[in-house]
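Take the sequences, apply the hints, and build the full model.
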Amino acid sequence: MSTARPAISGTTIFDGAEAQKGYALNKMCMSFNDAAHRAEFLRDEEAYCSRYGLNDQQREAIQHRNVLELIAAGGNIYYLAKFAGIFGLDVQDIGAQQTGLSKKEFQEKLLAAGR
Amino acid sequence: MAKIIGCITTSHVPAIGRAIAKGLQEEPYWKPFFDGFKPVHRWLAEAEPDVAVVVYNDHGLNFFLDKMPTFAVGAAPEYPSMDEGWNIPTVLPFRGDPPLSWHVINSLVGEDFDITMCQEMVVDHAVCNPMALLWPGGGDWPVRIVPVEINTVQHPLPSAARCFKLGEAIGRAIGSYEEDLRVVVIGTGGLSHQLDGERAGFINTAFDREFMASLTRDPTWVTKFSAVELVEQAGTQGVELLMWLTARATLTSVREIAVGYHVPISNTAAGMMLLEPAA
Chain A
8 MSTARPAISG TTIFDGAEAQ KGYALNKMCM SFNDAAHRAE FLRDEEAYCS RYGLNDQQRE
68 AIQHRNVLEL IAAGGNIYYL AKFAGIFGLD VQDIGAQQTG LSKKEFQEKL LAAGR
Chain B
44 MAKIIGCITT SHVPAIGRAI AKGLQEEPYW KPFFDGFKPV HRWLAEAEPD VAVVVYNDHG
104 LNFFLDKMPT FAVGAAPEYP SMDEGWNIPT VLPFRGDPPL SWHVINSLVG EDFDITMCQE
164 MVVDHAVCNP MALLWPGGGD WPVRIVPVEI NTVQHPLPSA ARCFKLGEAI GRAIGSYEED
224 LRVVVIGTGG LSHQLDGERA GFINTAFDRE FMASLTRDPT WVTKFSAVEL VEQAGTQGVE
284 LLMWLTARAT LTSVREIAVG YHVPISNTAA GMMLLEPAA
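Quick mapping for you: the protein sequence lines, in order, are chains A and B.
When you read off a place in the first sequence, starting at 1, and then add 7, the result is the number in the numbering used here.
When you read off a place in the second sequence, starting at 1, and then add 43, the result is the number in the numbering used here.
Hints are all accurate, no fakes.
The calculated lysine to any residue pairs, modelled on SDA-like cross-linking and capped at a C-alpha distance of 20 Å, are:
id: 1; chain 1: A; residue 1: Lys110; chain 2: B; residue 2: Ala62
id: 2; chain 1: B; residue 1: Lys110; chain 2: A; residue 2: Ile20
id: 3; chain 1: B; residue 1: Lys65; chain 2: B; residue 2: Pro179
id: 4; chain 1: B; residue 1: Lys65; chain 2: B; residue 2: Gly182
For the record, the hints were derived by calculation from the structure and aren't laboratory data.
Okay, structure coming up:
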C-alpha cells in the first residue's frame, strides 16, 4: 500500500507497492552486476527475461529500452542503471531520454542549474 | 580511547570514479571539483587517522530487495569492490577493523538500534569514490574502514531524525572504544539530484546551501523534513544527504575547516565539507 501524500510531479516514490510490482524486473537488472550475465542477456534477451519471469509490460519496456516505461513497470533506477550500462548509456543519456531532451540539452540544463 | 578527529562529507557519483580512472582531474569540467579536496588532503596528511567509519548507501551491489536492511554495519576483515554493471574500475580492497566493528555493533544494539550485522560485504562507488577522492594515487589505503550502510533504495526510508540519533550513537560507540584510535567519520552521497522520472536533472542549490550551513550551526534543522519531503526538496537521490547528517551527528559541536559546492558533476550538485570537533 502506498503511503498517503501529495504526489511530487515527475517522481515515483519506490515504496512497497512499487517494490512488489517491479520485483522480477529489478531482480533481472541486479543480475547484470555480473559481466557473464550481461553477455547472456545480449545473446538471448527473450530467454533471459523469461528466466526472471518478467510480465508483458516489463518485457515491452525492456524491448523499448525506455526508462519511463521501465519505471512504470516497477523498475528502480539503481537497478535500471545496470540495464542501461549494457548499452553504454550513462545517467545523462537516461536523463535526456526521460525528459525528452537531447543529451546536449540535458547537460546544458544541468550546467544552468549551477549558474 | 578512540577519538573522532573529524567528519568529512562528500558526493560519491560514479562519474567521479570514471574521471579518476581516466586522469581527468585537470580538465576544466572537473578541476574545480577536484581542487576542492586539496585542503582536505593537507588536513588528512597532518591528522593521520587510523580508521574511517564510512556512512554510505548501497546501490544494488551488496543488498537487493529480497532483504533490505534499514541500517547495516560491516564487520568484515576486508571489503572488496566489484563491477556494478557498467564495467566501472574496481579499487584495491579495503581492510576492515572487526574489533571496532563489533564494538560499534554491540554499542548500537545496546542502545536499541536494530541493525543488520555483515561479516561479508562488497562496497560500491559510494565507498570507493569518496575514499579515492580523500586518498588519491591508487596505492594501498592508509586507513581501515567500518562501513555503515543506510537504505535509500526502497521506501519507507529511515527518517532524518532517526539517522541523526544513529549518528549520535555511533559517536558514543567510537568514544567508548578503549584502543587509542584516531577515527574520521565520512558521510557520502548527495547533494540534490534526481536520476529518474520526468523530473530527472532536478537540482536545488538553495536547499543544498541551507542544509550545508545547518550542519555547522544547527544540525537538527533538516530533521523537520520527512524522507518524502526530502525527496521533494533534494530529489529522489538527494535523500542521500541522510549520510551527511548521520556522519555529522557523531560529533557534538563542530567548526568548519573546508567546504566546497559545485554544480553540476554528472547529474548532481556535488558538495564537500570537512568539520572538526569544536575545542
